[in-house]
Amino acid sequence: MTDTSLLIGTGEWQVYRLGDPARTELTWPRPTFLLIHRGHHYAVSEIAAGEVVRFGIPGEPVSIGSGGASPCHLSGHPGGWIYASNYGNGTVRAIEVTDTGDFTGAIVDLPHDGTGPVTDRQECSHAHFSMVVGDHLVVADLGTDELRAYPLAAGRPDDDPVLTRLPPGTGPRHLARVGGDLVVTGELSGEILALQWDVDAGRGQVRARGPVAAARGAHYAAHVEAVGDRLVVGVRGSNTLSVLAADDLRLLQEVPTVAWPRHHAVVGDHLVVAGERADAVAWHPLIRAREGLELGPVERTVKIASPMCVLAEG
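Numbers given in the numbering used here equal positions in the sequence shown, counted from 1, plus 1291.
Derived by calculation from the structure, the hints in this document are not laboratory data.
As the structure is a prediction and not an experimental result, all values here were calculated from the model.
Quick reminder that beta carbons are idealized off the backbone N, C-alpha and C, glycines included.
It cannot be assumed that every hint is accurate.
Below 20 Å or equal to it, Euclidean Cα-Cα: the simulated EDC-like pairs (lysine to aspartate or glutamate) are [said to hold, decoys possible]:
1. Lys1594 with Asp1311
2. Lys1594 with Asp1570
3. Lys1594 with Glu1303
With beta-carbon atoms standing in for the labels, derived distance ranges [stated by the list, open to error]:
4. Asp1538 with Ile1578: 14 to 22 Å
5. Asp1451 with Ile1578: 27 to 35 Å
6. Ala1505 with Arg1568: 18 to 26 Å
7. Leu1543 with Thr1410: 32 to 40 Å
8. Asp1411 with Glu1351: 37 to 45 Å
9. Glu1582 with Ala1444: 39 to 47 Å
10. Asp1560 with Thr1389: 31 to 39 Å
11. Pro1588 with Val1353: 37 to 45 Å
12. Thr1391 with Pro1320: 20 to 28 Å
13. Val1353 with Arg1507: 43 to 51 Å
14. Pro1369 with Leu1454: 34 to 42 Å
15. Asp1311 with Gln1487: 45 to 53 Å
Based on the provided sequences and hints, a complete structural model is requested.
As structure tokens, this is what we get:
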């Protein structure tokens, strides 16, 4: 896979396609998270009056409201729906799209209320991530310490969620599915949690939890990626990548990376990391050692202003 197959969302005004030189694919306010859904390209616009933008089409990009403030994540369902998580007010908006990627105008808003004990970060609901698990849309709510699971009918969500409550102050940010578990990063607690997940019921029970890092500095756990029997977590503050065993969450390795690693993706035989405060994207080699996956040190970097999402095409 070449650099030109990598798209980088930023906290500025651009989505970049990497290359020599990088070229601009979208100019729009704060396109911080990207999604390819059924071959079509979408970005959030993480501003007060949030938007979802379709780009990479002839003519001008097309946008629709995200249903709230500061949308920070997108996911999709093969039935023709995409889901925007609005951090600012906790609402998730389901947006119907056609086979050709156009917005139909049909929407379903999923608001939520609640608070948590970390008063400066959990004063209200903060939807941060969603993913489809079986016949539910599972939402990580950083503000309420809950996973909200909405039953789906061909991708259209019901507005009455099943709630899984996490330990107070966890601040769930991102999820990954590993076998029968859902793995959750706790941004506020600096932990990683494994939940035994009942796919049919849309709820889980914590079976293991532990620290996401031991390196010096704060441990604001961000994105988690499952790579075989390992988990790779970006940890802001310590500015490290943690490699953990997926079965028991043992911390196996910590590797320094670019400042404020907000997001990462496996691209071929590398892990590509968006270092938001480094203004750089970094490549770490994935080493298939006898004992399992290991991460090598930063191999190279590319300067990009405020990178916040790495998306590989194909």
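Each hint tested on the structure:
The hinted pair formed by Lys1594 and Asp1311 meets the criterion: a straight-line CA distance of about 12 Å does not exceed 20 Å. Simply put, Lys1594 and Asp1570 have alpha-carbon atoms about 6 Å apart, close enough for the 20 Å limit, and the pair holds. Restraint check for Lys1594 and Glu1303: the C-alpha separation of about 14 Å stays at or below 20 Å, so the hint holds. Remark: the range hint 14 to 22 Å for Asp1538 to Ile1578 is upheld by a beta-carbon distance near 20 Å.
The hinted range of 27 to 35 Å is not satisfied by Asp1451 and Ile1578, whose Cβ atoms lie roughly 46 Å apart. Under the hint 18 to 26 Å, the C-beta atoms of Ala1505 and Arg1568, about 22 Å apart, fit the expected range. In this structure the supplied range 32 to 40 Å holds for Leu1543 paired with Thr1410, their Cβ-Cβ distance being about 34 Å. The given range of 37 to 45 Å is respected by Asp1411 and Glu1351, whose C-beta atoms sit roughly 39 Å from each other.
Separation of Glu1582 from Ala1444 is about 45 Å and conforms to the stated range, judged on CB atoms against 39 to 47 Å. With their beta carbons about 36 Å apart, Asp1560 and Thr1389 fall inside the hinted range of 31 to 39 Å. At roughly 42 Å, the beta-carbon separation of Pro1588 and Val1353 lies within the given 37 to 45 Å, and the hint holds. Look at Thr1391 against Pro1320: about 26 Å separates their beta carbons, and that is inside 20 to 28 Å.
Evaluation of the 43 to 51 Å hint for Val1353 and Arg1507 yields a pass: the beta carbon distance comes to about 46 Å. For Pro1369 and Leu1454, the hinted distance range of 34 to 42 Å is not satisfied, since their beta carbons lie about 26 Å from each other. At roughly 47 Å, the beta carbons of Asp1311 and Gln1487 sit within the given window of 45 to 53 Å.
Violated hints, in rising order: 5 and 14; the structure is consistent with all others.
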